[in-house]
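Numbering-wise, the numbering used here puts 170 at position 67 of the sequence shown, and it's gapless, one number per residue.
Do not take every clue at face value.
[Stated by the list, open to error] Listed below are the simulated DSS-like cross-link pairs for lysine-lysine, each with C-alpha atoms no more than 25 angstroms apart in a straight line: (1) 130 x 184; (2) 323 x 301; (3) 108 x 229.
No lab work stands behind these hints, which were simulated from the structure alone.
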Amino acid sequence: MQNKKVIILLGPPGSGKGTQVRLLQEKFSFDCIGSGKILRARAKTKDFTGKKIAQYVDKGLRVPTPIIFNMWMNRMAEIEKDTKNKGFIIDGSPREVFEAEMLGMALEWYVWDKTKKVVYLKLSEKEIKQRLLNRRMCQKCGRLIPYLVGFKDLKKCDKCGGSLIKRADDTEEGVKERLAWFKREVLPVVSYYKKKGKVIEINGNQSIKKVFNDILKELK
104 MQNKKVIILL GPPGSGKGTQ VRLLQEKFSF DCIGSGKILR ARAKTKDFTG KKIAQYVDKG
164 LRVPTPIIFN MWMNRMAEIE KDTKNKGFII DGSPREVFEA EMLGMALEWY VWDKTKKVVY
224 LKLSEKEIKQ RLLNRRMCQK CGRLIPYLVG FKDLKKCDKC GGSLIKRADD TEEGVKERLA
284 WFKREVLPVV SYYKKKGKVI EINGNQSIKK VFNDILKELK
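Could you build all of it, start to finish, from the sequences and the hints given here?
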């Protein structure tokens, strides 16, 4: 049984989780097993479960946690066999307390619960709204351009040179709905981990580099 490092990254919409996941992967060569990524891959299969998941995803419905748990276990079994894999990042999960409990069981099964770190990117509601309402997306490659120093003055995508547009759901109403969902579902997960004394809280209202450096300091 290999001793893998596990990072659970939590944060509100607009906190830059995706960017930090990418930086952590580049730094440690970690895998990422976010629920969304696993679900999209499974939805492409043509068996009963794959088709069922595709139906849920297309309708914007939440796939039942036991189904997600089963996919986690399958993915973790692959990771456990990979002798070159030193660890992984869980992004986009857990999305509710029950899911956090199920994830805990999966990690305990592989004896990885002792090596996990829960990182929470904390951001004020005012900052969340400002970032989501002002960020842009590349029309060509889909890259999200954050509303941060070094990015907000870009005229074109810094990755492919594509035109920048506003995401269709980055509206006052869309942001309001996402914030309500975060408070209702994800904040209780943060509280769940805090009660266990396992949350590394990072000030998300900083530059991307500063947030990343703060995470690295806490992971040592």
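Violating hint indices (sorted, rising): 3
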